[in-house]
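Those protein sequences? They're chains A and B, same order as listed. Numbered continuously in this note's numbering, the first sequence closes out at residue 849. Numbered continuously in this note's numbering, the second sequence closes out at residue 960.
Source of the hints: derived by calculation from the structure; they are not laboratory data. Just to be clear, a hint being listed does not mean it is correct.
As the list claims (entries may be wrong) - Over the 12 Å line for every Cβ pair with chain A, so calculated as not near, a few chain B residues: (1) T632; (2) R790; (3) L837; (4) V951.
What the hints assert, rightly or not - Below, in silico cross-link-like pairs of lysine to aspartate or glutamate (DMTMM-like), each with a Cα-Cα straight-line distance of 25 Å or less: (5) A:K747 / A:D702; (6) B:K955 / A:D665; (7) A:K656 / A:E720; (8) B:K956 / A:D789; (9) B:K726 / B:D753; (10) B:K956 / A:D665; (11) A:K663 / B:E798; (12) B:K956 / A:E759; (13) A:K747 / B:E798; (14) A:K656 / A:E767; (15) A:K701 / A:E761; (16) A:K737 / B:E798; (17) B:K955 / A:D614; (18) A:K663 / A:D697; (19) A:K747 / B:D629; (20) A:K701 / B:D629; (21) A:K701 / B:D753; (22) A:K737 / B:D753; (23) B:K956 / B:E842; (24) A:K701 / B:E842; (25) A:K806 / A:D789; (26) A:K656 / B:E842; (27) A:K806 / A:E759; (28) A:K747 / A:E668; (29) A:K806 / A:E666; (30) B:K630 / A:D614; (31) A:K737 / A:E761; (32) B:K726 / B:E842; (33) A:K656 / A:E817; (34) A:K663 / A:D702; (35) B:K955 / A:E668; (36) B:K955 / A:E626; (37) A:K663 / B:E809; (38) A:K656 / B:E798; (39) B:K630 / A:D702; (40) B:K956 / A:E803.
Glycine included, each C-beta is placed from N, C-alpha and C at the ideal position.
One letter stands for each residue in the lines below.
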Amino acid sequence: MDHPTLPAADLRQITRRLGNREVLRNLSLQIPRGRLTGLLGPSGSGKTTLVKLLAGIDKADEGEVTVLGRSMPALPVLQRIGYMAQSDALYADLTAKDNLVFFGKLYGLRGSRLQERIAAVMALVALDDHLHKSVAAYSGGMKRRLSLAISLLHEPELLLLDEPTVGIDPVLRQSIWRELLQLRDGGTTILMTTHVMDEAEKCDSIAFIRSGELTAAGSPRELMERSGASSIEQAFIAMGEGVTA
Amino acid sequence: MRTRALAYRIIRQFLRDKRTLALLFLAPLLVLTLMNFVFGGASPAPSIGLVTVPGTSQETVSQQLRQAGATIRGYGDSKSGETALEHGDIDALLDLGGAAPRIALEGTDPAVSKASLGLLQQALSPGAAASGSMDGKLQVDYLHGSASLSSFDAFGPVLVGLFGFFFVFLLAGVSFLRERTTGTLERLLAAPIRRWEVVAGYLGGFGLFTLLQAALIAWYSTSVLGLYMEGSFWLLMLVNLLLALTALTLGTLLSTYAGNEFQIIQFIPLVIVPQVFFSGLFNLDAMNEWLRHIRLVMPLYYGADALKGVMLRGEGLASIWPDLAVLFGFSLLFALLNVLALKKQRSI
Ligand SMILES: Nc1ncnc2c1ncn2[C@@H]1O[C@H](COP(=O)(O)OP(=O)(O)OP(=O)(O)O)[C@@H](O)[C@H]1O
Ligand SMILES: [Mg+2]
């Protein structure tokens, strides 16, 4: 059962085959509660696949995925997860507001509470002026931010963000990071995938994966020490080549 | 609640997409109108030969036929009349020489045959034509073809069913496909919505528009096009609605097996066209009995059968309910298979 001392998510010896490849191979990883974990790895290493397993929209071929104390997929857990996909899954023919209302209702929000949350998350991603705009008229970065806003709508305990800051300018990115850290301080567990090294350095812990295998995990400082690198970027390159300390 | 949210979202998307709305509502009407022009336009005034026998009442008959727009030619005996019919000089021959009146039809053009027969029946026994039943005493011979050759009135109901079915199938298929290819279905399933709620939401959202479409087609084909209609308008709408529901569930189900819009189009020759052939547009009596049974798995066959019953024979719920039950069964089956197919996306 779920308990505050247990990890928010626990992957045990996961193997996931897609096509005839093992995209994740015998991977075990724990996501600590109340912390911001960064998932790093080269393109095609299996980050998105891993996040989808945690989000309950994909199923491992072998191994067990436990999220918030329940074996996945489990409907009641989905209510407690906020998921932001790597590719924006938005209804382009509707307005931002329509999209927010729709997803909000899927998570059981309604009435004034829904309106409050919509206003709050849109302010957070600085889109409050574009609430009634059709999503088709949004720029790439605006769509990213709207996706992030949707994942935050129902105040989830666990946030799964797949490359949330791609295409967002540095100023906005900084303010979004401020908000994410604030959410974490409020007790939200966050898992995000990223390619940006200075973002990785801000994470509480980092997991490196390469070709579907976990090559290293730990706090940024631990990883730098272990690989003898002076920056996370160098550690990333070293770990990415499979040089584990 | 989640189902309602989904249905509401689909309705909003529809309302913002005017072209698709137009396709759903106007395209069936347009195609039906064209079909009406092609097959059902004012039938050419037939020319009718009359074998006259002195001292009988053929004067009134000939006058009546003339008034109704037919061209009348008189013949002295049956033989010369028949020769004229064979040569195609006349479309029909009415022989009043025998004990009972005898009608011979040239028969190659169903529309002309029907028009001739209608006029003759009216002239000989008023009221018989209105009820559509053939006067028992009247002997009708076909030089070519037979009475079973269809005409627009006969296959109009099939077309009404077909076009409603076709456009709903296409739209439902494409729209569910898009949900999958744009990733929104996956995003949707990351929310705590049950698989059946997704299917039910689609049924609800689309259902509203299919209901409107069914009503529009029913009204247009009977009131504007003036298709032959004996039964109840409400029953016609009910059949159309059930047919559209079947198309909706079948379209969304098959979209699971399509990777893009083009592959949805590929389902048309596989799924729609065979149904057209087997649904009653063409006479299948000459077909191998086993092959003919194929139609038993085709929703359109039942829809067309019910539509023909309502429109041509004025049948009520009592006699068409088996068709309706089968259509409902199809919808239910496809919806359930849909719920199962969503397992591919999320296992619970
Ligand atoms: N449906 C699929 N069928 C077959 N192979 C797939 C499928 N989806 C993903 N893959 C493969 O799985 C591997 C991991 O993909 P994944 O999307 O998890 O990578 P990623 O780490 O998120 O990459 P990126 O940083 O570019 O987003 C890739 O090699 C990809 O080609
Ligand atoms: Mg990815």
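Against the structure, the hints:
{"no.": "1", "hint": "T632", "result": "10 Å, violated"}
{"no.": "2", "hint": "R790", "result": "10 Å, violated"}
{"no.": "3", "hint": "L837", "result": "33 Å, holds"}
{"no.": "4", "hint": "V951", "result": "14 Å, holds"}
{"no.": "5", "hint": "A:K747 / A:D702", "result": "14 Å, holds"}
{"no.": "6", "hint": "B:K955 / A:D665", "result": "15 Å, holds"}
{"no.": "7", "hint": "A:K656 / A:E720", "result": "29 Å, violated"}
{"no.": "8", "hint": "B:K956 / A:D789", "result": "37 Å, violated"}
{"no.": "9", "hint": "B:K726 / B:D753", "result": "13 Å, holds"}
{"no.": "10", "hint": "B:K956 / A:D665", "result": "13 Å, holds"}
{"no.": "11", "hint": "A:K663 / B:E798", "result": "13 Å, holds"}
{"no.": "12", "hint": "B:K956 / A:E759", "result": "28 Å, violated"}
{"no.": "13", "hint": "A:K747 / B:E798", "result": "17 Å, holds"}
{"no.": "14", "hint": "A:K656 / A:E767", "result": "13 Å, holds"}
{"no.": "15", "hint": "A:K701 / A:E761", "result": "23 Å, holds"}
{"no.": "16", "hint": "A:K737 / B:E798", "result": "24 Å, holds"}
{"no.": "17", "hint": "B:K955 / A:D614", "result": "23 Å, holds"}
{"no.": "18", "hint": "A:K663 / A:D697", "result": "31 Å, violated"}
{"no.": "19", "hint": "A:K747 / B:D629", "result": "21 Å, holds"}
{"no.": "20", "hint": "A:K701 / B:D629", "result": "17 Å, holds"}
{"no.": "21", "hint": "A:K701 / B:D753", "result": "70 Å, violated"}
{"no.": "22", "hint": "A:K737 / B:D753", "result": "70 Å, violated"}
{"no.": "23", "hint": "B:K956 / B:E842", "result": "47 Å, violated"}
{"no.": "24", "hint": "A:K701 / B:E842", "result": "49 Å, violated"}
{"no.": "25", "hint": "A:K806 / A:D789", "result": "13 Å, holds"}
{"no.": "26", "hint": "A:K656 / B:E842", "result": "57 Å, violated"}
{"no.": "27", "hint": "A:K806 / A:E759", "result": "22 Å, holds"}
{"no.": "28", "hint": "A:K747 / A:E668", "result": "33 Å, violated"}
{"no.": "29", "hint": "A:K806 / A:E666", "result": "32 Å, violated"}
{"no.": "30", "hint": "B:K630 / A:D614", "result": "48 Å, violated"}
{"no.": "31", "hint": "A:K737 / A:E761", "result": "29 Å, violated"}
{"no.": "32", "hint": "B:K726 / B:E842", "result": "18 Å, holds"}
{"no.": "33", "hint": "A:K656 / A:E817", "result": "16 Å, holds"}
{"no.": "34", "hint": "A:K663 / A:D702", "result": "30 Å, violated"}
{"no.": "35", "hint": "B:K955 / A:E668", "result": "19 Å, holds"}
{"no.": "36", "hint": "B:K955 / A:E626", "result": "21 Å, holds"}
{"no.": "37", "hint": "A:K663 / B:E809", "result": "21 Å, holds"}
{"no.": "38", "hint": "A:K656 / B:E798", "result": "9 Å, holds"}
{"no.": "39", "hint": "B:K630 / A:D702", "result": "17 Å, holds"}
{"no.": "40", "hint": "B:K956 / A:E803", "result": "35 Å, violated"}
This entry does not satisfy hints 1, 2, 7, 8, 12, 18, 21, 22, 23, 24, 26, 28, 29, 30, 31, 34 and 40, going by the numbered hints stated previously.
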